[in-house]
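K.L.:
Please put together the full structure from these sequences, using the hints given.
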Amino acid sequence: DQQVKQNSPSLSVQEGRISILNCDYTNSMFDYFLWYKKYPAEGPTFLISISSIKDKNEDGRFTVFLNKSAKHLSLHIVPSQPGDSAVYFCAASGTGGSNYKLTFGKGTLLTVNP
Amino acid sequence: GAGVSQSPSNKVTEKGKDVELRCDPISGHTALYWYRQSLGQGLEFLIYFQGNSAPDKSGLPSDRFSAERTGGSVSTLTIQRTQQEDSAVYLCASSLSGGAGTDTQYFGPGTRLTVL
Chain A
8 DQQVKQNSPS LSVQEGRISI LNCDYTNSMF DYFLWYKKYP AEGPTFLISI SSIKDKNEDG
68 RFTVFLNKSA KHLSLHIVPS QPGDSAVYFC AASGTGGSNY KLTFGKGTLL TVNP
Chain B
26 GAGVSQSPSN KVTEKGKDVE LRCDPISGHT ALYWYRQSLG QGLEFLIYFQ GNSAPDKSGL
86 PSDRFSAERT GGSVSTLTIQ RTQQEDSAVY LCASSLSGGA GTDTQYFGPG TRLTVL
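Heads up: the protein sequence lines correspond to chains A and B, in order. Per this note's numbering, the first sequence runs over residues 8 to 121. Per this note's numbering, the second sequence runs over residues 26 to 141.
Hints in this document: simulated from the structure, not taken from any laboratory. Incorrect hints may appear among the rest.
Capping the alpha-carbon separation at 20 Å, the derived lysine to aspartate or glutamate pairs in EDC-like fashion look like this [to be verified]:
{"#": "1", "chain 1": "A", "residue 1": "108", "chain 2": "B", "residue 2": "128"}
{"#": "2", "chain 1": "A", "residue 1": "113", "chain 2": "B", "residue 2": "69"}
{"#": "3", "chain 1": "A", "residue 1": "113", "chain 2": "A", "residue 2": "49"}
{"#": "4", "chain 1": "A", "residue 1": "113", "chain 2": "B", "residue 2": "110"}
{"#": "5", "chain 1": "A", "residue 1": "108", "chain 2": "A", "residue 2": "31"}
{"#": "6", "chain 1": "B", "residue 1": "82", "chain 2": "B", "residue 2": "49"}
{"#": "7", "chain 1": "A", "residue 1": "78", "chain 2": "A", "residue 2": "62"}
{"#": "8", "chain 1": "A", "residue 1": "75", "chain 2": "A", "residue 2": "22"}
{"#": "9", "chain 1": "A", "residue 1": "108", "chain 2": "B", "residue 2": "45"}
{"#": "10", "chain 1": "B", "residue 1": "36", "chain 2": "A", "residue 2": "49"}
{"#": "11", "chain 1": "A", "residue 1": "108", "chain 2": "A", "residue 2": "38"}
{"#": "12", "chain 1": "B", "residue 1": "40", "chain 2": "B", "residue 2": "88"}
{"#": "13", "chain 1": "A", "residue 1": "75", "chain 2": "A", "residue 2": "65"}
{"#": "14", "chain 1": "B", "residue 1": "36", "chain 2": "B", "residue 2": "49"}
{"#": "15", "chain 1": "A", "residue 1": "61", "chain 2": "B", "residue 2": "128"}
{"#": "16", "chain 1": "A", "residue 1": "78", "chain 2": "A", "residue 2": "38"}
{"#": "17", "chain 1": "A", "residue 1": "108", "chain 2": "B", "residue 2": "39"}
{"#": "18", "chain 1": "A", "residue 1": "12", "chain 2": "A", "residue 2": "31"}
{"#": "19", "chain 1": "A", "residue 1": "113", "chain 2": "A", "residue 2": "8"}
{"#": "20", "chain 1": "B", "residue 1": "36", "chain 2": "B", "residue 2": "128"}
{"#": "21", "chain 1": "A", "residue 1": "108", "chain 2": "B", "residue 2": "93"}
{"#": "22", "chain 1": "A", "residue 1": "75", "chain 2": "A", "residue 2": "49"}
{"#": "23", "chain 1": "A", "residue 1": "12", "chain 2": "B", "residue 2": "69"}
{"#": "24", "chain 1": "A", "residue 1": "78", "chain 2": "A", "residue 2": "31"}
{"#": "25", "chain 1": "B", "residue 1": "82", "chain 2": "B", "residue 2": "69"}
P.N.:
Take a look at the structure:
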């Protein structure tokens, strides 16, 4: 049973436009959400996170929105740049003693065209 | 400073053979994690080490999988009697203190394991 879902395997946008990557989760015990970015042949790198007590977190061109009632979060990248082309993973962790465990989605391949 | 390193970067083995995958975490990080990513899937948690505490092995898929962490630093993931379904990228991560999802996990480049 997939607890973190990224339903779009890929997304293509033009340079300078907004990229919106979506993520849904089913486990109501999740209280911390992260986005990781992965280039080919490299490990994932942390991008941005949000706690369940917030509905928005912004860091430069990257903003994450959380809608707890819908169990949905999204990552907005604006303006998109060709260097943003990568696989983006949504991840979540929960409360309790094993909150170090991250549950990942399958990823979305973002391609930013010049 | 140096990031998480893993070796080998690629490993091809025959079904039934044993393999060892190595991870060198970031110096000073007390928490170490192993994940694997099978084709078309997200990262799947395997095992977690924190200091001298007993590891959380709850994600290991079978008793053919084991891991150890010597001296609180280097870790080795061992897969015995490999099967074709073990083919995946095995990723190691470390974090400063562990214990919470808020403690950023830094990933190595992974070891791509192919079982023929």
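K.L.:
Determine for every hint whether it applies to the structure shown.
P.N.:
Consistency of the hints with the structure:
For the proposed pair residue 108(A) and residue 128(B), the alpha carbon gap of about 11 Å is at most 20 Å, so the pair holds. Taking the CA atoms of residue 113(A) and residue 69(B), the gap is near 10 Å; set against the 20 Å cutoff, the hint holds. Under the criterion of a C-alpha separation no larger than 20 Å, the hint pairing residue 113(A) with residue 49(A) is consistent with the structure, at around 16 Å. Taking the CA atoms of residue 113(A) and residue 110(B), the gap is near 18 Å; set against the 20 Å cutoff, the hint holds.
A hinted pair counts as satisfied when its Cα atoms are at most 20 Å apart, and residue 108(A) with residue 31(A) qualifies at roughly 18 Å. For a cut-off of 20 Å, the pair hint linking residue 82(B) to residue 49(B) stands: about 19 Å separates their Cα positions. As the CA atoms of residue 78(A) and residue 62(A) are separated by approximately 11 Å, the hinted pair is consistent with the 20 Å bound. For the proposed pair residue 75(A) and residue 22(A), the alpha carbon gap of about 31 Å is over 20 Å, so the pair is violated.
The straight-line distance between the Cα atoms of residue 108(A) and residue 45(B) is roughly 23 Å, outside the 20 Å bound, and the hint therefore fails. A hinted pair counts as satisfied when its Cα atoms are at most 20 Å apart, and residue 36(B) with residue 49(A) qualifies at roughly 16 Å. About 12 Å separates the Cα atoms of residue 108(A) and residue 38(A), which keeps this hinted pair within 20 Å; it holds. Between residue 40(B) and residue 88(B) the CA atoms are separated by roughly 16 Å; this keeps the pair inside 20 Å, and the hint holds.
For the suggested pair residue 75(A) and residue 65(A), the alpha carbons sit about 17 Å apart, so the restraint of at most 20 Å is met. Between residue 36(B) and residue 49(B) the CA atoms are separated by roughly 17 Å; this keeps the pair inside 20 Å, and the hint holds. The straight-line distance between the Cα atoms of residue 61(A) and residue 128(B) is roughly 18 Å, inside the 20 Å bound, and the hint therefore holds. For the given pair, residue 78(A) sits about 11 Å from residue 38(A) by alpha-carbon distance, which is consistent with the 20 Å threshold.
A threshold of 20 Å between alpha carbons decides the hint, and for residue 108(A) with residue 39(B) the separation of about 31 Å lies outside it, so the pair is violated. Restraint check for residue 12(A) and residue 31(A): satisfied, since their Cα atoms lie roughly 5 Å apart, inside the 20 Å limit. Our distance criterion of 20 Å between C-alpha atoms is met by residue 113(A) and residue 8(A), whose separation comes to about 13 Å. With a CA separation close to 30 Å, the supplied pair residue 36(B) and residue 128(B) exceeds the 20 Å bound.
In summary, the hint linking residue 108(A) to residue 93(B) is supported, as the alpha carbons are separated by about 18 Å, within the 20 Å threshold. A hinted pair counts as satisfied when its Cα atoms are at most 20 Å apart, and residue 75(A) with residue 49(A) does not qualify at roughly 32 Å. Taken as a hint, the residue 12(A) and residue 69(B) pair is honoured in the structure, with Cα atoms around 13 Å apart against an allowance of 20 Å. Simply put, residue 78(A) and residue 31(A) have alpha-carbon atoms about 6 Å apart, close enough for the 20 Å limit, and the pair holds.
Proposed proximity of residue 82(B) and residue 69(B) is supported: the alpha carbons are some 13 Å apart, at most 20 Å.
Going through the hint list in order, the structure does not satisfy hints 8, 9, 17, 20 and 22.
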